[in-house]
Amino acid sequence: MRKIPAHEIWPMVHAERLALIDDLETLDAASWEVPSLCAGWSVHDVAAHLADNARTTFFRLFIAMAKAGFSLDRQNNNGVAEMKASAPEGTLQKLVEVAALRCTPPVPVASRLVEEIAHGEDIRRAVGLQRSYPNKALEPAIRYQAATPQGVGGAKELASKVQLCSQDETFRLGLGPQIVGSRLELLMLLSGRGEHATGLSGPGMALVRQGA
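Residues -4 to 207 (the numbering used here) are what the sequence shown spells out, left to right.
You may find that some hints are simply not true.
List time: in silico DSS-like cross-link candidates among lysine-lysine, alpha-carbon distance up to 27 Å [unchecked claim]:
| no. | residue 1 | residue 2 |
| --- | --- | --- |
| 1 | Lys131 | Lys156 |
| 2 | Lys89 | Lys62 |
| 3 | Lys79 | Lys62 |
| 4 | Lys(-2) | Lys131 |
| 5 | Lys89 | Lys79 |
| 6 | Lys(-2) | Lys151 |
| 7 | Lys156 | Lys(-2) |
| 8 | Lys131 | Lys151 |
Label-pair restraints from in silico Cβ distances [unchecked claim]:
| no. | residue 1 | residue 2 | range |
| --- | --- | --- | --- |
| 9 | Ser81 | Glu164 | 27 to 37 Å |
| 10 | Pro172 | Ser81 | 43 to 53 Å |
| 11 | Lys151 | Val29 | 29 to 39 Å |
| 12 | Gly123 | Arg167 | 29 to 39 Å |
| 13 | Pro100 | Leu124 | 20 to 30 Å |
| 14 | Gly64 | Glu164 | 45 to 55 Å |
| 15 | Ala1 | Glu190 | 40 to 50 Å |
| 16 | Leu202 | Cys98 | 30 to 40 Å |
| 17 | Glu77 | Ala34 | 12 to 22 Å |
| 18 | Glu20 | Arg167 | 34 to 44 Å |
| 19 | Ala63 | Ser196 | 24 to 34 Å |
| 20 | Gly171 | Glu84 | 26 to 36 Å |
Hints listed in this document are in silico derivations from the structure and should not be mistaken for laboratory results.
Cβ coordinates follow ideal geometry from the N, Cα and C atoms, glycine included.
Please build the complete structure, drawing on both the sequences and the hints.
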């Protein structure tokens, strides 16, 4: 499988940011305060996190982590507090301002796709919105999560024991008992959102239930 270079991934990241901005523009003020799929965060909080995350560089992350006592949770919450405006319109404007940035911490650019898609679903599912994500964006995101250890937000431990298979059978990753589902639901599973993933089946799901 050809490794997708960063210059091909960034346009997909930018497209996901713009698609979410379009969706957020349809929400009323009450919807912004609905609890998202991220525990303890509202839709507004997740939007602010994405605005903060889009600015992340190695230097900015190091400074932010130092200020947070090297607690990732505290650093994330500090970033939300910094980027969350008093009204949704202000936070939305910040998302617009960072939409075209190509900033990233010292990790593969595919991680930016995971951020935009997974957090996009944290918002969309909370308020009843749907998006048809391009396969070309979902597949590198799945591959990234499958290669990333659980301790840093991935699902390498599970992915190393199963074969992930799309429902249309045109995408397969790994060897072992199959987990079959849409590419989006496979990504939800691999990004720690298994309880919200729907339509997954196959003998590999036994390992999911066992917490493998």
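We went through each hint and held it up to the structure:
For the hint pairing Lys131 with Lys156, the CA-to-CA distance comes to about 24 Å; that is within 27 Å, so the pair holds. About 22 Å separates the Cα atoms of Lys89 and Lys62, which keeps this hinted pair within 27 Å; it holds. Distance check on the hinted pair: Lys79 and Lys62 sit about 18 Å apart at the alpha-carbon level, within 27 Å; holds. As the CA atoms of Lys(-2) and Lys131 are separated by approximately 12 Å, the hinted pair is consistent with the 27 Å bound.
For the given pair, Lys89 sits about 9 Å from Lys79 by alpha-carbon distance, which is consistent with the 27 Å threshold. Restraint check: the Cα-Cα separation between Lys(-2) and Lys151 comes to about 18 Å, which is no more than 27 Å; the hinted pair holds. A C-alpha spacing of about 22 Å is found between Lys156 and Lys(-2), which places the hinted pair at or below 27 Å, so the restraint holds. Restraint check for Lys131 and Lys151: satisfied, since their Cα atoms lie roughly 21 Å apart, inside the 27 Å limit.
Separated by about 49 Å at the C-beta atoms, Ser81 and Glu164 break the suggested range of 27 to 37 Å. Taking the beta carbon of each, Pro172 and Ser81 are about 50 Å apart, inside 43 to 53 Å as hinted. A beta carbon spacing of about 32 Å between Lys151 and Val29 agrees with the range 29 to 39 Å that was offered as a hint. Hint check: Gly123 to Arg167, Cβ distance near 32 Å, so the stated range 29 to 39 Å holds.
The beta-carbon spacing between Pro100 and Leu124, approximately 28 Å, falls within the hinted interval of 20 to 30 Å. A hinted range of 45 to 55 Å for the beta carbons of Gly64 and Glu164 is consistent with their spacing of about 48 Å. Separation of Ala1 from Glu190 is about 32 Å and departs from the stated range, judged on CB atoms against 40 to 50 Å. For Leu202 and Cys98, the Cβ-Cβ distance of about 36 Å falls inside the hinted range of 30 to 40 Å, so the restraint holds.
Checked against the given bound of 12 to 22 Å, the beta carbons of Glu77 and Ala34, roughly 20 Å apart, stay inside it. Checked against the hint of 34 to 44 Å, the C-beta distance between Glu20 and Arg167 comes to roughly 37 Å, which is consistent with it. In this structure the hint that Ala63 and Ser196 lie 24 to 34 Å apart at CB is violated, the actual value being about 40 Å. Distance hint for Gly171 and Glu84: a CB-CB separation of about 48 Å, inconsistent with the stated range 26 to 36 Å.
Consistency with the previously given hints fails for numbers 9, 15, 19, 20, ordered from lowest to highest.
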